[in-house]
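S.K.: Residues per chain, in single letters:
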Amino acid sequence: GENVEQHPSTLSVQEGDSAVIKCTYSDSASNYFPWYKQELGKGPQLIIDIRSNVGEKKDQRIAVTLNKTAKHFSLHITETQPEDSAVYFCAVRLPTGNQFYFGTGTSLTVIP
Amino acid sequence: NAGVTQTPKFQVLKTGQSMTLQCAQDMNHNSMYWYRQDPGMGLRLIYYSASEGTTDKGEVPNGYNVSRLNKREFSLRLESAAPSQTSVYFCASSEVSGYTFGSGTRLTVV
Chain A
5 GENVEQHPST
15 LSVQEGDSAV
25 IKCTYSDSAS
35 NYFPWYKQEL
45 GKGPQLIIDI
55 RSNVGEKKDQ
65 RIAVTLNKTA
75 KHFSLHITET
85 QPEDSAVYFC
95 AVRLPTGNQF
105 YFGTGTSLTV
115 IP
Chain B
188 NAGVTQTPKF
198 QVLKTGQSMT
208 LQCAQDMNHN
218 SMYWYRQDPG
228 MGLRLIYYSA
238 SEGTTDKGEV
248 PNGYNVSRLN
258 KREFSLRLES
268 AAPSQTSVYF
278 CASSEVSGYT
288 FGSGTRLTVV
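Which chain is which? The protein sequence lines are A and B, in order. In my numbering, each residue carries its 1-based index in the first sequence increased by 4. In my numbering, each residue carries its 1-based index in the second sequence increased by 187.
Calculated directly from the structure, the hints in this document are not laboratory data. One or more of the hints may lead you astray.
Cut-off 25 Å, straight-line C-alpha distance, at most; resulting in silico cross-link-like pairs (DMTMM-like, lysine to aspartate or glutamate) [unchecked claim]:
1. A:K26 x B:E260
2. B:K244 x A:D31
3. B:K196 x A:E43
4. B:K244 x A:E6
5. B:K258 x B:D225
6. A:K41 x B:E282
7. A:K41 x A:E87
8. A:K62 x A:E9
Sample of chain B residues with no beta-carbon within 10 Å of chain A, all distances over it, derived [stated by the list, open to error]:
9. Q204
10. K258
11. V296
On a predicted model such as this, the values are computed, not experimentally measured, just so you know. Where is the CB? At the ideal position from N, CA and C, for every residue including glycine.
Given the sequences, and given the hints that come with them, work out the whole structure.
M.R.: Here's what the structure looks like:
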């Protein structure tokens, strides 16, 4: 299988500041790295993803960076807003099969 | 477009009772999954179905069974519920990219 570690488990930032969440993985063959946002009482929703042939991807205020050599990837949220408050999960997929391995989640609180 | 629909949203069971959690997707995805979510442990895979007619065990399959009824539907059954199965259960489906999750079933076993 795959071992995914996610840090930090909780994160509080002031509105307007940036937030960074990091994940490491163990299997160098992993080739797809999505990030999910889970709001209270809802299922996780895909917010951004990156494939192993790309080093960085950006979508408005969120970006994901991937360092394949070091086997880690990060979620960056700039100009945070209160509606960014949620639990964020990273995930990793191996090229064989369609199963994802999840990090343990980061609870982000944006303080107005 | 409903995506992934789970029923019920909430359920309380007594120890030893059985129940089936239902999941249906309307995106014509081949793969479907059942996860449980517990505090501090993230999402753990119970069972998955790579395609219609196939099912495989995930990380935590003990105490559960599944049925891939057709391409749309994938159900999770607890034959004899235990307090350790108190959790939030998520169904998901996928094709090439990431998962689409349902809104979850919060199950309490007393």
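S.K.: Could you work out which earlier hints the structure fails to respect and list their numbers in ascending sequence?
M.R.: 1 and 5
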